[in-house]
Every structure is written in C-alpha cells, then in structure tokens.
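Letter by letter, the chains look like this.
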Amino acid sequence: AQSVTQLGSHVSVSEGALVLLRCNYSSSVPPYLFWYVQYPNQGLQLLLKYTTGATLVKGINGFEAEFKKSETSFHLTKPSAHMSDAAEYFCAVSEGGKGAQKLVFGQGTRLTINP
Amino acid sequence: EAGVAQSPRYKIIEKRQSVAFWCNPISGHATLYWYQQILGQGPKLLIQFQNNGVVDDSQLPKDRFSAERLKGVDSTLKIQPAKLEDSAVYLCASSTQAQANPGGEQYFGPGTRLTVT
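If you read the protein sequences in the order shown, they are chains A and Z.
All you need for my numbering is the position in the first sequence, starting with 1, plus 157.
All you need for my numbering is the position in the second sequence, starting with 1, plus 84.
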C-alpha cells in the first residue's frame, strides 16, 4: 500500500528565507507525486507534479520539487518566502500508470511566514 | 471556466440525523471524487466515480455513507445516521478521464464543513 509522510506538521520561516517542506513516500510501483496547497476555507490547488521525465519539476508561485528515487523523497522548496505563501501544504502519491488515479495524501504541513 | 461547485458550505447537525452534500464537477470531467478531511489530517478518498459508475469505494463506510452520480454529472454524498466522528470537511474533486490521463490534475471544490454535535 502506498503512504506519504510529511516531516513537520508546522514550519515557520521568515519572509525572504528559504522554504523547505519535506515529503517521503512509499510505493511498490513507480509513483506519480503531487504537491497541493490549501488556503483557509478553500479547496486544494495543485502546485506541481512529477509523473515521468525530468526529476526537478517547477510549479506555480516559484515552488519546485525534486524526485529522488533512492531517497523515496519529493521535497518542496522555494528560494524566498513571501507572506502570501502562508497556507497548508499536502504531498500526495498515486500509482503511476494505473487507471484509478487514487491519491494518498500526507497529513499536511502548515507554513507560517514571519515578517 | 467554472470550477467545482459544492453546497452547502457549512452544515451543523445532531448525531443520528441525516445529511446530504451536493457536488457539480467541472463540465466535461468524467471522473469525480469525494474526500473526507478530518481536522489536522490530509484528505482521504471515500469514493471515486468514472462517469456514473463506481471505480473505488473501498474506504466508504457503507453502513452509513452512500453516494450516487446519476447521469454522470452531479453527485450527492449522504450520511445516515451521522456520528460525532463524521465531523470533517467533505471535498469534491473532478478530473478528466483518469484511465486516459492517470497523472492528470484533480480540481477541488471549496468543501462542505460538517459539524456533528
């Protein structure tokens, strides 16, 4: 069975500092990996995804993530945090190539930006 | 393009009562998902439809939860009778046909926040 572990339920950084949100997954087949962001009282919005090909993927709002198969990781980074980045972030995995496209989510990381 | 619509946005009921949630997916999206998001946790898939057929309902508590997607468009999720532990946000999402696009994006609605007292 697939699973996702997000290290740190809360991360706090200063405005302009590096953002690093950690995600490790387990999957018995090549995974598809996703990062979603959730602002208060809103649904989830896709930030970026890895399916195949280049392991460094770029997303919206300056975020990027690198798929590292040997480490079973898909950490999310942003070089310089902005106040508007404050939100809940979810890492998710699905079985690549399977038709059902079932997403399994991590428990989420709440990002706080300090002025 | 209109997004995924859900109603109501908020609902408060007493335990043992019944409740229903409605979802209208993005036009043309064949696949529809219902997720349960308990406070402090990530969303958990309850049921997935492909057109009007069920693809996966392995985590749906079928003794109290039911869902349907008549005509392959709108969907309703019902809880009867509700328990305290059903308090959560219920998210609906849709995507283009999953089998043809397994890495495709799921588009989420704003959710319905259910409080069971």
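Take these hints with a grain of salt, some might be off.
Stated by the list, open to error - Simulated restraints on C-beta separations:
no.: 1; chain 1: Z; residue 1: S111; chain 2: A; residue 2: L213; range: 25 to 35 Å
no.: 2; chain 1: Z; residue 1: N135; chain 2: A; residue 2: Q199; range: 40 to 50 Å
no.: 3; chain 1: Z; residue 1: K128; chain 2: A; residue 2: Q202; range: 41 to 51 Å
no.: 4; chain 1: Z; residue 1: K167; chain 2: A; residue 2: Q264; range: 33 to 43 Å
no.: 5; chain 1: A; residue 1: N198; chain 2: Z; residue 2: W106; range: 32 to 42 Å
no.: 6; chain 1: Z; residue 1: G137; chain 2: A; residue 2: I217; range: 45 to 55 Å
no.: 7; chain 1: A; residue 1: V186; chain 2: Z; residue 2: E189; range: 14 to 24 Å
no.: 8; chain 1: Z; residue 1: T180; chain 2: A; residue 2: E221; range: 21 to 31 Å
Hints are computed from structural coordinates only; laboratory data are not their basis.
Every residue, glycine too, gets a C-beta built ideally from N, C-alpha and C.
Worksheet item: Range hint 40 to 50 Å: satisfied by the CB atoms of N135/Z and Q199/A?
Response: Violated - the Cβ-Cβ distance for N135/Z and Q199/A, about 27 Å, lies outside 40 to 50 Å.
Worksheet entry | Assessment of proposed distance window 14 to 24 Å (beta carbons of V186/A, E189/Z) | About 20 Å separates the Cβ atoms of V186/A and E189/Z, which means 14 to 24 Å holds.
Fill in: K128/Z versus Q202/A beta-carbon gap, inside 41 to 51 Å or not
For K128/Z and Q202/A the Cβ distance comes to about 19 Å; the hint is violated.
Worksheet item: Between G137/Z and I217/A, does the C-beta distance stay in 45 to 55 Å?
Response: 33 Å, violated
Worksheet item: Within 21 to 31 Å or not, the Cβ separation of T180/Z and E221/A?
Response: Cβ of T180/Z to Cβ of E221/A: about 25 Å, so the range 21 to 31 Å holds.
Item to complete: Mind checking the hinted window 33 to 43 Å against the Cβ distance between K167/Z and Q264/A?
Response: Since K167/Z and Q264/A have Cβ atoms about 22 Å apart, the given range 33 to 43 Å is violated.
Worksheet item: Between N198/A and W106/Z, does the beta-carbon spacing fit 32 to 42 Å?
Response: 18 Å, violated
Item to complete: Look at the Cβ atoms of S111/Z and L213/A and judge whether their distance stays inside 25 to 35 Å.
Response: 34 Å, holds
This entry does not satisfy hints 2, 3, 4, 5 and 6, going by the numbered hints stated previously.
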